[in-house]
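There are 2 protein chains.
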Amino acid sequence: MPQKSTLNIGLLGFGTVGQGVWKHLQANSANLEQRLGGSLYLAKASTKDLSKIRSVSIPKEQLTDDPWEIVNDPQIDIVCELIGGTDLARKLTLKALEQGKTVVSANKALICEHGQEIFDIARTHQAHFFFEASVAGGIPIIKTLREGLVANRFSLIHGILNGTSNYILTRMEQEGLPLETVLADARKLGYVEADESLDLDGWDAAHKAVILTYLAHGFWADPKALTVEGIRSITPQDMSFAKKLGYKIKLLAIIENIKNSGQIAVGVHPTLIPEATILASVDDVFNGISITGDVAGTTFLVGRGAGQDATASAVISDIADAASLLLNTHQEKNAQKKAPLPIETSCKIANPEAVTSAYYFRMCAKDKPGVLAEIAEALAAHEVSVASMLQESLDKNKVALVITTHRAPESQLTQAIKHLEQLDCILEKPFFIRILDSDL
Amino acid sequence: MPQKSTLNIGLLGFGTVGQGVWKHLQANSANLEQRLGGSLYLAKASTKDLSKIRSVSIPKEQLTDDPWEIVNDPQIDIVCELIGGTDLARKLTLKALEQGKTVVSANKALICEHGQEIFDIARTHQAHFFFEASVAGGIPIIKTLREGLVANRFSLIHGILNGTSNYILTRMEQEGLPLETVLADARKLGYVEADESLDLDGWDAAHKAVILTYLAHGFWADPKALTVEGIRSITPQDMSFAKKLGYKIKLLAIIENIKNSGQIAVGVHPTLIPEATILASVDDVFNGISITGDVAGTTFLVGRGAGQDATASAVISDIADAASLLLNTHQEKNAQKKAPLPIETSCKIANPEAVTSAYYFRMCAKDKPGVLAEIAEALAAHEVSVASMLQESLDKNKVALVITTHRAPESQLTQAIKHLEQLDCILEKPFFIRILDSDL
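From first to last, the protein sequence lines are chains A and B. Count the first sequence with our numbering and you get residues 1 to 440, in order. Count the second sequence with our numbering and you get residues 1 to 440, in order.
Just so you know, these hints were derived from the structure itself, not from any lab. Owing to the predicted nature of the structure, the values given are computational and were not obtained by experimental measurement. Hints are not guaranteed to be accurate.
All copies of an identical chain are treated as equivalent in the list; a pair is satisfied when it fits inside any one copy or across any two copies.
[What the hints assert, rightly or not] Each computed DSSO-like pair below joins lysine-lysine, with the alpha-carbon atoms no more than 30 Å apart:
hint : residue 1 : residue 2
1    : LYS224    : LYS4
2    : LYS23     : LYS348
3    : LYS243    : LYS396
4    : LYS429    : LYS368
5    : LYS23     : LYS259
6    : LYS418    : LYS95
7    : LYS418    : LYS368
8    : LYS243    : LYS398
9    : LYS95     : LYS188
10   : LYS368    : LYS244
11   : LYS244    : LYS429
12   : LYS52     : LYS244
13   : LYS243    : LYS4
14   : LYS366    : LYS348
15   : LYS396    : LYS52
Just chain A, with the same shape it has in the complex (with noise of 0.2 Å):
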């Protein structure tokens, strides 16, 4: 095959990624090209509406508003998936791998629901499929587990991977607020997505936990057999009694590998994490992922987890890694080579009721004489044992009862709080939040 020196990129997509990638890869393209060895050209770009005014502006000939011209044309060699979606998106990406051409993917809803599909088909045709893009953009991630920590197996693997439901915790910890009025700040700033349940029902993270599962263990999750719970029932009442406890509620994505069971307990829900740890200061619109291998122990990895400029960062990172593939190389084919793939394995998703966690319920509870004596017997009674509580006069008959407990698992859970539902003297539905308790 012939010798390349020029490498021609078409994005996919011309919104505020697309434009993020094509300004940074401009402006930094004299430095990258001489590490390279070779050219990169932003060839084309596609978007739907080409009349509308952006801030970045290309020749008007570099601009299409079909998407195939770019994955059609033989002279492009990178193609840049940022529309989204998973329909188009996923008859793009097919198609740029089956004519063998390598695919830049920021894409996690697509990844997570075709994961297996993407990868056989660029396996198949020896195409190149990268994704750093895909979670937690300023954070290199993937490449981390991928390469950087190739050496472990992971027992655990917990973050912050949602930034918008970050920022709106953060706000609601410092400030005092409801939910409903940071939600409105962030709906003003941009940071929540059309569909406003990936950002506030988590999933969104749970999109990024399935391709971080895949990467530490080898197999497609299946999202909806997850365990995926939003912040939208949080309170400031919940973040006020958290800071009395010593801890900070943030949003989690947990990958557990529970011991010599071949299976995995992957979830995303709110979590009260201790305020002495590195998570707990990851506030606003910052991602934050803990890995823990059996070689490296516990890393941490902080950083901006969307917005155009990180997201941009990402995408030229792994431009930069394909060009290093295809620039001045012979071609051979050797795809996932580079930055092998894990092994698949027989690995499977944890039955969510096995899994033990603490807990944090708040109550709303009349306030008379043996009540708690009545709640602790009803959680005892479910061998849920109780490691803390705090209480707080709501009016004159009623308080607002918060209850920390010992690891149990979550079936126990369950019966517990239909326990104690039935019980005369809980006033409404107790809601509970899950403990993380880490050394770090």
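Fit chain B to the supplied structure of chain A, relying on the hints for placement.
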């Protein structure tokens, strides 16, 4: 050239790290080999003392007391240099590279002193040189700077790069102990290098800072041109003053690109950092690095910096990187292609006198009216302006006085200190620590 399906690995040095590499590579080899598509064979290790009893035992015929036997063995593909030192290690490294072998190095002092020569020889002989283990073992910082954040130019890199001094400072801060007491414990735990100056006077961190400076800015700094100060003068009193001011004291390496000057300020010194920052929560033997790039913003990496396992993890990731280049591919001699090194630049180390910082002064002064005015006047004479003041009675006639200042160039600081020393009311040479205020 023939295609390889097995790579033979030789270890120079079979101490703590060498044994860790052997142990973990063996334990994880099935998984790694499947991923990489070829075999990794631990062929031989060299040691000074063949008769020593080790926790990892290997067949007698695979152990040699002659490291040259490994370097000159044509069957060996990858040489891991783990003996340390800059004399024999340099000769062995260069000889291996001259034969086109891949060298994996954990030797920060060697790279710091002879990096230019090593990379030149590697380039000439189209050999690979990997060095992830040379800086912060459990943190993939080399890969992150070379690849993950390749789209960025770096305005500021700063961090805790020496675990031993961080352990000492952490215990001083948390337990109010003097340095000597904690140092004695650290010695017992085997945390302190034989040459204690490496840990206590900042030189170990300085070696690492030189390597990061090369990766970020493309030139080899002369370690002697850097500001390097250790932790020996820090007292429990400084810890408690810092706490009152909202800071923690950490030994930081700081690599700052002085805007539009082509000059890079590189220093290692104790530094006051706001206690709410992520770096401030990096305690004990952990390392932590903050990287601010023009595209990705600020990214933090935290993990174990040293020790058998963390270092082995980094060495094995380099072996895996080498393997994906060497296994089953035509051995295109595309050295430094995969993870391109920085382009050499004409940047140079900034004159330390021109670097600006805010400062913390601790002084012992006479307890009499007018002292503060005298001190403030002396500082003002050199355009150093006071930000805050704290004092504590020492005995009837003496006070410990702490003053923090706004940013000023070091040249003015030097003048101001000389001036202060001449004041009658100042009883001992003033001690100062730099302050770094950052957003995060």
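Status of each hint after checking the structure:
no.	hint	in the structure
1	LYS224 - LYS4	neither (44 Å within a copy, 43 Å between copies)
2	LYS23 - LYS348	between (42 Å within a copy, 28 Å between copies)
3	LYS243 - LYS396	within (25 Å within a copy, 42 Å between copies)
4	LYS429 - LYS368	within (18 Å within a copy, 66 Å between copies)
5	LYS23 - LYS259	between (47 Å within a copy, 21 Å between copies)
6	LYS418 - LYS95	neither (51 Å within a copy, 72 Å between copies)
7	LYS418 - LYS368	within (21 Å within a copy, 71 Å between copies)
8	LYS243 - LYS398	within (22 Å within a copy, 41 Å between copies)
9	LYS95 - LYS188	neither (37 Å within a copy, 62 Å between copies)
10	LYS368 - LYS244	within (24 Å within a copy, 44 Å between copies)
11	LYS244 - LYS429	within (23 Å within a copy, 44 Å between copies)
12	LYS52 - LYS244	neither (51 Å within a copy, 55 Å between copies)
13	LYS243 - LYS4	neither (58 Å within a copy, 58 Å between copies)
14	LYS366 - LYS348	neither (44 Å within a copy, 71 Å between copies)
15	LYS396 - LYS52	neither (60 Å within a copy, 76 Å between copies)
Figure legend: structure checked against the earlier numbered hints; hints not met, in rising order: 1, 6, 9, 12, 13, 14 and 15.
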